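Put chain C on the given structure of chain R with help from the hints.
Protein sequences appear in the order of chains R and C. Under this note's numbering, residues 40 to 333 are what the first sequence spells out, in order. Under this note's numbering, residues 40 to 333 are what the second sequence spells out, in order.
Among the hints, a few may not be true.
No distinction is drawn between identical chains; accordingly, a pair holds when it is met within one copy or between any pair of copies.
Here are the simulated DSS-like cross-link-like pairs (lysine-lysine), alpha carbons at most 30 Å apart as the crow flies [stated by the list, open to error]:
#, residue 1, residue 2
1, 294, 84
2, 132, 305
3, 239, 170
4, 56, 239
5, 246, 170
6, 284, 73
7, 73, 239
8, 305, 239
9, 84, 132
10, 239, 65
11, 284, 65
12, 65, 246
13, 281, 65
14, 274, 170
Worth flagging that the hints you see were computed from the coordinates, not collected in a lab. In this text, all values refer to a predicted model and were calculated from it rather than measured experimentally.
Number of protein chains: 2
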Amino acid sequence: MFDLKNYIQTNNKLIDKTLDEILQLKTNPGQLAKAMRYSLTAGGKRIRPVLCIAANEAVGGDSAAVFPVACALEMIHTYSLIHDDLPAMDDDKLRRGKATCHIRFDEATAILAGDALLTLAFEIIAAYGLKNTNFNSLELIRLISRAAGARGMIEGQMQDIAGEGTLLSQAQLEQMHSLKTGALIEVAVYSGALIGNAGKAQIDALKIYSRKTGLAFQITDDILNVKGDPLIMGKAVGTDLKQNKSTYPAILGLKKSVEMSKNLIKDALDALTIFDERCDPLRSVADYIIKRQR
Amino acid sequence: MFDLKNYIQTNNKLIDKTLDEILQLKTNPGQLAKAMRYSLTAGGKRIRPVLCIAANEAVGGDSAAVFPVACALEMIHTYSLIHDDLPAMDDDKLRRGKATCHIRFDEATAILAGDALLTLAFEIIAAYGLKNTNFNSLELIRLISRAAGARGMIEGQMQDIAGEGTLLSQAQLEQMHSLKTGALIEVAVYSGALIGNAGKAQIDALKIYSRKTGLAFQITDDILNVKGDPLIMGKAVGTDLKQNKSTYPAILGLKKSVEMSKNLIKDALDALTIFDERCDPLRSVADYIIKRQR
Chain R
40 MFDLKNYIQT
50 NNKLIDKTLD
60 EILQLKTNPG
70 QLAKAMRYSL
80 TAGGKRIRPV
90 LCIAANEAVG
100 GDSAAVFPVA
110 CALEMIHTYS
120 LIHDDLPAMD
130 DDKLRRGKAT
140 CHIRFDEATA
150 ILAGDALLTL
160 AFEIIAAYGL
170 KNTNFNSLEL
180 IRLISRAAGA
190 RGMIEGQMQD
200 IAGEGTLLSQ
210 AQLEQMHSLK
220 TGALIEVAVY
230 SGALIGNAGK
240 AQIDALKIYS
250 RKTGLAFQIT
260 DDILNVKGDP
270 LIMGKAVGTD
280 LKQNKSTYPA
290 ILGLKKSVEM
300 SKNLIKDALD
310 ALTIFDERCD
320 PLRSVADYII
330 KRQR
Chain C
40 MFDLKNYIQT
50 NNKLIDKTLD
60 EILQLKTNPG
70 QLAKAMRYSL
80 TAGGKRIRPV
90 LCIAANEAVG
100 GDSAAVFPVA
110 CALEMIHTYS
120 LIHDDLPAMD
130 DDKLRRGKAT
140 CHIRFDEATA
150 ILAGDALLTL
160 AFEIIAAYGL
170 KNTNFNSLEL
180 IRLISRAAGA
190 RGMIEGQMQD
200 IAGEGTLLSQ
210 AQLEQMHSLK
220 TGALIEVAVY
230 SGALIGNAGK
240 AQIDALKIYS
250 RKTGLAFQIT
260 DDILNVKGDP
270 LIMGKAVGTD
280 LKQNKSTYPA
290 ILGLKKSVEM
300 SKNLIKDALD
310 ALTIFDERCD
320 PLRSVADYII
330 KRQR
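One chain only, chain R, in its complex shape (with noise of 0.2 Å):
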């Protein structure tokens, strides 16, 4: 039976660890360094960098290679959250049971510090890829950049904020979130095989994997926001019901909801079984993503 505990403490100390290096390597000591830091160590799931480390380990990939551009996907990962919560945006006082970046330091430094978080992805990812020429990091550059823009990430944000108070459609729930927060999820595992020099079978199964496990990520978090422990949770729950934000419970009904990411996941797993016993990582993880408590 595979240890995904075991897996994802040894893997986050090692990105733990290159994060510090980064960090120490790429910034000036200061303000705005510690707010990057603040953000980047305030105990996030490191859901990105596992999967693009357990892709690469799928396709036959040396773990080691990859982190650098693990690390650059929780960077961007983390500018994100932190612009998510500022006043302007969610408002949010309270990330992973820690003061949000404005809480802590001030709204200024906490649009720098997610800017300086998302300009250092690249800048890792470009420095990674002129020592590692065994894989095509400018296509890697081109579709990170691509997830998390304006056609992802950023647009799958303003969606969000302007559905505020309207009840979505599934459909559009659906489009929502894979702008949101599926294109990162399924860039990060692309990015593994990429790095691992995957064959077009083993990706196309991943795309699979990753649009699958990305859905139900979120149909989970929807949950865990009608019936989480807040205390696990380090956050209030209940709160999108009372903003009336479009959710799965809330179009679909809590039973429904859990069925459909139960399906996903069978879905994801099934995708999977081209793959050896090296993708266990990946497998635990899509099981991890609907059981998670927070």
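Positioned in the frame of chain R, the structure of chain C alone reads:
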């Protein structure tokens, strides 16, 4: 006599056309794309792309090839203006005679439009690099992200905010500006040279040129804030003094500031003696930078 006005007009038309094509191709229609387009076409001077194009010509490059990268630099510059104008930062309501992005739209849209422009810049350079392999586009991405990031432009903005209300020394002011505006101007020149496959002596000369010109540009900005015409500038003047900002006129006095900017441009021009007449656009831009009225 080189006709700079005509040169800038011709290039700006091409820059605008390229920017328009990029936005059409790389964004979805909607509020986000509207805000990105609004700020990109709000009448900027296009100094950075013009410097990139002119540097490319100076080293004998084919300037048509440089436009996507020149536009990416303008996107990064525009994103930085959108974020700097936000209420949590400089809280500016007017920019280039038009409402700033968060006034015309709203704060959330402005934050996201800035994020999207920054992200799109890297997508454009990566896509361009995939098609044009005659120069090192990964190195270009590394240098541009570095110049725009936590050891460049963003750190400069952070220092600018942190220094508000205290009179900086001339050395502190120079460091802040070399980060906040200098770094991106320098990398704009460098990008053009790199794409044109410049030699080492050419690059060294252009580094001196861009450093001196960048500083002169900032000093002129400070001078225009004292004695510029608000109608030509499209924004209020005298604001630095009111906000107790550290500026060159405040530290050195107006007369010495004018003298210093002239000397810097003289040094910048002296560095260009190794180039032939294909460098005339760069020479003219340096001259324009201190003679401009806005």
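Please work out whether the CA atoms of residue 65 and residue 246 approach to 30 Å or closer within one copy, between two copies, in both situations, or in neither? Answer is between; shortest inter-copy Cα gap is 22 Å, intra-copy 33 Å.
Go through the copies and call it for residue 274 and residue 170: within, between, both or neither, with a Cα cutoff of 30 Å. For residue 274 and residue 170, neither the intra-copy (41 Å) nor the inter-copy (46 Å) Cα distance is at most 30 Å.
Could you place residue 84 and residue 132 in one of the four classes (within, between, both, neither) given a Cα distance threshold of 30 Å? Within one copy only: 19 Å inside, 39 Å across.
Up to 30 Å CA-CA - residue 65 versus residue 239, copy category: So residue 239 and residue 65 pass the 30 Å test across copies only (26 Å; inside, 35 Å).
30 Å Cα cut-off: does residue 73 pair with residue 239 within a copy, between copies, both or neither? neither (42 Å within a copy, 37 Å between copies)
For residue 239 vs residue 170, is the C-alpha pair at or below 30 Å within one copy, between two copies, both, or neither? The answer is both: 25 Å in one copy and 22 Å across copies each meet 30 Å.
Identical-chain pair category, residue 281 with residue 65, by Cα at 30 Å: The answer is neither: 41 Å in one copy and 35 Å across copies each exceed 30 Å.
Evaluate residue 284 and residue 73 at a C-alpha cut-off of 30 Å and name the case that applies: within, between, both or neither. between (33 Å within a copy, 25 Å between copies)
For residue 294 and residue 84, with the copy left unspecified, which applies at a CA distance of at most 30 Å: within, between, both, or neither? within (26 Å within a copy, 57 Å between copies)
At most 30 Å between alpha carbons: which applies to residue 132 and residue 305, within, between, both or neither? neither (36 Å within a copy, 52 Å between copies)
Have a look at residue 284 and residue 65 and pick one of within, between, both or neither, based on CA distance no larger than 30 Å. So residue 284 and residue 65 pass the 30 Å test across copies only (28 Å; inside, 39 Å).
When Cα atoms must be at most 30 Å apart, do residue 246 and residue 170 count as within-copy, between-copy, both, or neither? both (27 Å within a copy, 25 Å between copies)
Taken one by one, the earlier hints fail for this structure at numbers 2, 4, 7, 13 and 14, listed in ascending order.
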